Amino acid sequence: MRANSFNTGVAIEYLVLSKLYRLELEAYVSQGNKKSVDIRVIREDETPVSINVKSVRGYSSLVVNNVEPKHDHFIFL
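In terms of numbering that gives the first Met the number 0, the sequence shown has 31 at position 32, counting the first letter as 1, and numbering is strictly consecutive.
Wrong hints could be hidden among the right ones.
As the list claims (entries may be wrong) - Quick list of in silico lysine-lysine cross-link-like pairs, DSS-like style, CA-CA up to 25 Å: (1) LYS18 - LYS53; (2) LYS18 - LYS69; (3) LYS69 - LYS53; (4) LYS18 - LYS34; (5) LYS53 - LYS34.
No lab work stands behind these hints, which were simulated from the structure alone. None of the values given here were measured: they were computed from a predicted structure.
Input sequences plus hints: build the corresponding full structure.
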């Protein structure tokens, strides 16, 4: 079976999600192919934080230049 970038992306999202659970954070993964947020975290004060997870298969130069900075939005590469 040939690996594809979709499977790699899903695997990395769950890896990040597991790390958040180990930090005892309330975190949820978004479902679907066309989503704007990969993971949503709810802080202790009930404020939400959105997380985008970016991944590549093999070597690649991944450029993230289309994201506007926000105080409650993070991107993991």
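Hint check:
Taken as a hint, the LYS18 and LYS53 pair is honoured in the structure, with Cα atoms around 15 Å apart against an allowance of 25 Å. For the hint pairing LYS18 with LYS69, the CA-to-CA distance comes to about 22 Å; that is within 25 Å, so the pair holds. A threshold of 25 Å between alpha carbons decides the hint, and for LYS69 with LYS53 the separation of about 17 Å falls inside it, so the pair holds. For the hint linking LYS18 to LYS34, the alpha-carbon distance of about 21 Å falls within 25 Å, and the restraint holds.
Distance restraint check for LYS53 and LYS34: the Cα-Cα separation of roughly 13 Å lies within the 25 Å cut-off, and the hinted pair is therefore satisfied.
Consistency with the previously given hints is maintained throughout, with no hint failing.
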